Amino acid sequence: MTAKVVGLRVPRLEDRSLLTGRARFVEDIGLPDTLEAAFLRSPHAHAQVRKIDVQAALQVPGVHAVYTMADLRPHLTSDRLVVALPSATIKRSLDRPVLAYDEVCYVGEPIAVVIADDRYIAEDAMALVEVDYDPLPAAVDCRDAVKADAPRAHTNAPDNVVAEFNLKFGDVASAFDGAAAVFKESLRPMRGGSHSMECRGVIANYEVATDQLTVWSSTQTPHSALRLLADLLGRDEGHVRVITPDVGGGFGPKLVFYSEELVTAFAAIALRRPVKWIEDRREHFLSTTQEREQYWDVEIAADNDGRVRGVRGAMVHDHGAYTARGVNVAFEAAQTLTMPYDVPACDLHVRLAVTNKVPVTPVRGAGQPQGVFIMERLLDRVALEMKLDRAEVRARNLIRPEQMPYSKPFKTRGGVPVVIDSGDYPQCQAKALAAASWQDFPQRQAEARAQGRLLGIGIANFVEMTGRGPYEPATVRINTSGKIHVSSSAAAMGQGTKTMLAQIVAEQLGGDMSHIVVTTGDTATSATGFGGFGSRQTVTAGSSAHAAAVKVRDKVLAVAGQLLEVSHQDLEIVGNEIRLKGAAGLKVTFAEVVKASMGTAGFYLPGGLPPGMEATEHVVINDMTYANGTEVATVEVDPDTGAVTILDIVIVHDCGKAINPTIVEGQVIGGVVHGIGNALFEQMLYNDDGQPLTTTLAEYLLPTSTETPRIRVLHHESPTPLNPLGAKGVGEAGVLPTAAAVVSAIENALGQYAVTIRQSPVSPSDIVALIAAARTEPAASAIIDACRPGR
Amino acid sequence: MTVTRKIAVTVNGLRREAEVPVRLTLADLLRKKFELTGTHLGCEHGVCGACTVLFDGVSVRACLMLAVQADNHAIETVEGLAAADAPLNDLQQAFSDKHALQCGFCTPGILMTLTEFLRDNPVVSEEDIKIAISGNICRCTGYQPIVEAAMQVVKARQGNPS
Ligand code: FES
Ligand code: FES
Chain A
694 MTAKVVGLRV PRLEDRSLLT GRARFVEDIG LPDTLEAAFL RSPHAHAQVR
744 KIDVQAALQV PGVHAVYTMA DLRPHLTSDR LVVALPSATI KRSLDRPVLA
794 YDEVCYVGEP IAVVIADDRY IAEDAMALVE VDYDPLPAAV DCRDAVKADA
844 PRAHTNAPDN VVAEFNLKFG DVASAFDGAA AVFKESLRPM RGGSHSMECR
894 GVIANYEVAT DQLTVWSSTQ TPHSALRLLA DLLGRDEGHV RVITPDVGGG
944 FGPKLVFYSE ELVTAFAAIA LRRPVKWIED RREHFLSTTQ EREQYWDVEI
994 AADNDGRVRG VRGAMVHDHG AYTARGVNVA FEAAQTLTMP YDVPACDLHV
1044 RLAVTNKVPV TPVRGAGQPQ GVFIMERLLD RVALEMKLDR AEVRARNLIR
1094 PEQMPYSKPF KTRGGVPVVI DSGDYPQCQA KALAAASWQD FPQRQAEARA
1144 QGRLLGIGIA NFVEMTGRGP YEPATVRINT SGKIHVSSSA AAMGQGTKTM
1194 LAQIVAEQLG GDMSHIVVTT GDTATSATGF GGFGSRQTVT AGSSAHAAAV
1244 KVRDKVLAVA GQLLEVSHQD LEIVGNEIRL KGAAGLKVTF AEVVKASMGT
1294 AGFYLPGGLP PGMEATEHVV INDMTYANGT EVATVEVDPD TGAVTILDIV
1344 IVHDCGKAIN PTIVEGQVIG GVVHGIGNAL FEQMLYNDDG QPLTTTLAEY
1394 LLPTSTETPR IRVLHHESPT PLNPLGAKGV GEAGVLPTAA AVVSAIENAL
1444 GQYAVTIRQS PVSPSDIVAL IAAARTEPAA SAIIDACRPG R
Chain B
45 MTVTRKIAVT VNGLRREAEV PVRLTLADLL RKKFELTGTH LGCEHGVCGA
95 CTVLFDGVSV RACLMLAVQA DNHAIETVEG LAAADAPLND LQQAFSDKHA
145 LQCGFCTPGI LMTLTEFLRD NPVVSEEDIK IAISGNICRC TGYQPIVEAA
195 MQVVKARQGN PS
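So the protein sequences, as listed, match chains A and B.
Residue numbering for the first sequence is 694 to 1484, as defined by this note's numbering.
Residue numbering for the second sequence is 45 to 206, as defined by this note's numbering.
Incorrect hints may have been included.
Where chain A lies over chain B, by a calculated footprint (3+ residues, C-beta under 8 angstroms) [what the hints assert, rightly or not]:
id: 1; segment: 91 to 97
id: 2; segment: 110 to 123
id: 3; segment: 126 to 136
id: 4; segment: 151 to 159
Only some residues are given here: those of chain B computed to face chain A with a beta carbon under 10 angstroms [what the hints assert, rightly or not]:
id: 5; residue: PRO65
id: 6; residue: LEU68
id: 7; residue: GLY86
id: 8; residue: CYS87
id: 9; residue: GLU88
id: 10; residue: VAL102
id: 11; residue: LEU145
id: 12; residue: GLN146
id: 13; residue: GLU171
id: 14; residue: ILE173
id: 15; residue: ASN180
id: 16; residue: ARG183
id: 17; residue: GLN188
id: 18; residue: PRO189
id: 19; residue: VAL191
Not close to chain A: a few residues of chain B, all C-beta gaps over 10 angstroms, as computed [what the hints assert, rightly or not]:
id: 20; residue: ARG49
id: 21; residue: LYS50
id: 22; residue: GLU61
id: 23; residue: ALA62
id: 24; residue: ASN165
id: 25; residue: VAL167
id: 26; residue: LYS174
id: 27; residue: ARG201
It is worth saying that the hints were derived from the structure and are not from the lab.
All values derive from a computational prediction rather than experimental measurement.
Here a beta-carbon is modelled for each residue, glycine too, at the ideal position from N, C-alpha and C.
With the hints as constraints, model all of the structure from the sequences given.
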């Protein structure tokens, strides 16, 4: 019998070093004689660069080099970092320059680098680099940017629309013509950041003797970093190695390859010294990719009973200054809109607007939180206007379990049909409603009201696209010591990836995690791979680890059977021993089996099997697997101050088979709290000139412990048939429904004022303003333009 | 020219000396000169709390202090909570038990904040703990498991293991 490890709440392998201060994050890697880099960044949102003078900076004692694009160009195969995800909808290429040279297009864009004995000296010298700029008008707000007369974000562009597409299915015209009611909304999720507590960072080392470049980067995608480094530096991949050390959170932006990684590597080669660059928090605000800003003008058509007949409308997506990663955020926002629901018709016109702001790429959720926010706001509107219960409207529209697998009439951006594989959406919603006592809420609300308190409840459903394929490799090898080594190109950044892989492998190989050593995110251990993003690694790398472990297990049993002269079917693996079932004395250890399997010179290999105990698998799963859930939030709002207190959050989620329920709950809760930030706090503000206004954690607010309620996580388990583990991804689940549910609850609490909240986040001053507007103008259709400074 | 000073600091019980530039931060002294890299820098502007260490027993932000200010003072860092080969202390163990860390980047600062708080306040509520760690930002855990870990320690130290 195999010991059961999968599905248990086993302690994490990662914890000890992290708890004792002995982990190794990129900044902790100290190589002798390391130099430190500081990047000079554009102070203008948009400007022509006339001249860069580095002479004074070079004179500073302790400075080893100052590079601009002119210095790098002869050594690179391209001036630009080429986009990771091409798309036919992209009208023109806007790849980021390695270092800006003739034009800067956002505040924070890197323009030169100083390499010095330490960062202190590098920053001293950076202040002496003189750049002659000619400021240009900036495109800041994306809705303004798409207008014909808007300033161009890039001087020579014909317009600011970098990509455009439609998401269309069903007969939209008749859906709307025959509707009992049509409601229109203008909705606006705003820009925020990922803000992993560890910023980005890189250290590069070049060994002349072996012509080997080693780069440690706080990246989510070591293999794509390897390919870009090799391509741009014109080196063979075999002479480049990328390692992800301990990574202090990713949440999306660390999947992008950045100039700093390339320039640091270049400097290490040029100067023959290790070079390190560590991003500070201000730079993180100015140069690490961000997300979420969109304007939606949408309408929904419904029957009398609240059944949705169709949605249609237009969305403008803030793409930032460059294309750092395809169109996926806008694409997935649009697709997410109808995901949990059986909606027959849809027509969305989407434009991606280039602006003079930090480039946009996925932040935990990658467009999906926006899609959920829009749809749930529309469904609330249907319920309110048609005098139906909000949960009932959803129940009438949710995809029913008997419709599974449910084919959506569209494909992923990779061209794979979107087929929702499994799940029971009505059941998840019912569980959430019961846990939150939704039915009794009106009574509790009335009682609170009698005491002068305003309580509200809100609901949101979500479907999370997870396990993006095609594969992520994993290798399982038992060494002659008897230790089991698991390695994968999967990248760990706090999600317990090593523990997950160890559990899956231990399940097949004796059940004792203490024999297992896991290596992740090192390109030296696998030739190919993708890394960590899109809630994919348990599905992809987990499936490969499972398949590899099964192979090794079969071979262990076969060789052990030879050694013990019994049938392999009568053997079992317990801990690090292979025993004859029911005969405690007859056994061999992993170490003995592995040594035997290595062979002896001049003798036959045991069982005629190939030597060694190692298997590498690339389980290919093209179809994505879809997780889902329902969240119910209860809040209290103070109408005088606009303060919102979240009293309770219940989230029922279904990620299929949970490999480690404790880790799953951690992912869900962490995601919910990120969503609380999106609902109430997090907003990257720019003024009309494109100057960022929130560049410290005192100005851009992240949720802290005192704003965070107890979050109740309930599991619903619909194993997916798409992989042998039955697992779906979970990394982004919590963030998807939270802004929608919290905003719905706030609006519900303010029912007497009849306000409509059309944005996220919504701040106390927004709430006070909405109430004031509702008092003077009962229809309260004014949108608070929260993007403007001085709110 | 960079002005330097000779300083002597007691770090995790050991007296150490260094010649440091006067502008070197306490965090960089610990991380770079003393190679105690458990103290992390999440913002370098005093908000995130990742750099929290104890200065003569009191929590401070090592990013906002200069190394020279630590001359003749005692500093405790996360490395001092458990020796390399020793078992985790009760607070560290509770963090592991309750999954109170994911990426672990914020964790040393939160451990040091709670080390001081629970030492000075042996009987506390969940709400007290939330307030105590409200100056430490964690992007991964949602704080709930951290509060649970601290409560486990509170109960165990009072003799009622949860
Ligand atoms: S690094 Fe010191 S408070 Fe953030
Ligand atoms: S565990 Fe990652 S920031 Fe707290």
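Here is how each hint holds up against the structure:
1. Counting residues of the segment 91 to 97 of chain B whose beta carbon lies closer than 8 angstroms to any beta carbon of chain A gives 3, which meets the minimum of three for the stated coverage.
2. Three residues within the 8 angstroms Cβ limit are the bar, and the segment 110 to 123 of chain B against chain A gives 3, so the coverage statement holds.
3. Coverage of the segment 126 to 136 of chain B by chain A holds [criterion: at least 3 residues with CB-CB distance below 8 angstroms; count 4].
4. Requiring three or more residues with a Cβ within less than 8 angstroms of a Cβ of chain A, the coverage given for the segment 151 to 159 of chain B holds, as 3 such residues are present.
5. Interface hint status for PRO65(B): upheld, as the beta-carbon distance to the closest one in chain A is roughly 7 angstroms, under 10 angstroms.
6. Taking 10 angstroms as the C-beta cut-off, the interface hint given for LEU68(B) holds, the closest approach to chain A being about 8 angstroms.
7. Among the interface hints, the one on GLY86(B) holds; its C-beta lies about 4 angstroms from the nearest C-beta in chain A, closer than the 10 angstroms criterion.
8. Given hint, CYS87(B) at the interface with chain A, holds; its Cβ is 4 angstroms from that chain's nearest Cβ, closer than 10 angstroms.
9. With its C-beta approaching chain A no nearer than about 5 angstroms, GLU88(B) sits inside the 10 angstroms limit, and its interface hint holds.
10. Given the 10 angstroms rule on beta carbons, the hint for VAL102(B) is violated: about 19 angstroms separates it from the nearest Cβ of chain A.
11. The beta carbon of LEU145(B) comes within 6 angstroms of a beta carbon in chain A, closer than 10 angstroms, and the hint placing it at the interface holds.
12. A least Cβ separation of about 4 angstroms between GLN146(B) and chain A falls short of the 10 angstroms threshold, and the interface hint therefore holds.
13. Annotation: interface hint on GLU171(B) holds; nearest CB of chain A at approximately 9 angstroms, less than 10 angstroms.
14. At its closest, the beta carbon of ILE173(B) sits 8 angstroms from a beta carbon of chain A; the interface hint therefore holds under the 10 angstroms criterion.
15. Interface hint status for ASN180(B): upheld, as the beta-carbon distance to the closest one in chain A is roughly 8 angstroms, under 10 angstroms.
16. At its closest, the beta carbon of ARG183(B) sits 5 angstroms from a beta carbon of chain A; the interface hint therefore holds under the 10 angstroms criterion.
17. Residue-level restraint check for GLN188(B) holds (minimum Cβ-Cβ distance to chain A is 6 angstroms; threshold 10 angstroms).
18. Annotation: PRO189(B) was flagged as interfacial toward chain A, and the flag holds, the nearest CB pair being 7 angstroms apart, inside 10 angstroms.
19. With its C-beta approaching chain A no nearer than about 7 angstroms, VAL191(B) sits inside the 10 angstroms limit, and its interface hint holds.
20. ARG49(B), annotated as away from the interface, keeps every beta carbon of chain A farther than 10 angstroms; the closest lies near 15 angstroms.
21. With a cut of 10 angstroms on Cβ distances, LYS50(B) stays outside the contact zone with chain A, its closest approach being about 19 angstroms.
22. Every Cβ of chain A is farther than 10 angstroms from the Cβ of GLU61(B); the closest lies at roughly 20 angstroms, confirming the non-interface assignment.
23. With a least beta-carbon separation of about 15 angstroms from chain A, ALA62(B) lies farther than 10 angstroms from that chain, consistent with its non-interface assignment.
24. No Cβ of chain A approaches the Cβ of ASN165(B) within 10 angstroms, the least distance being about 16 angstroms, so the stated non-interface status holds.
25. Separation of VAL167(B) from chain A is adequate, the least Cβ-Cβ distance of about 19 angstroms exceeding the 10 angstroms criterion.
26. Listed as outside the interface, LYS174(B) is inconsistent with that label: its C-beta sits roughly 4 angstroms from the nearest C-beta of chain A, within the 10 angstroms cut-off.
27. Residue-level check passed: ARG201(B) sits 18 angstroms from the nearest beta carbon of chain A, beyond 10 angstroms.
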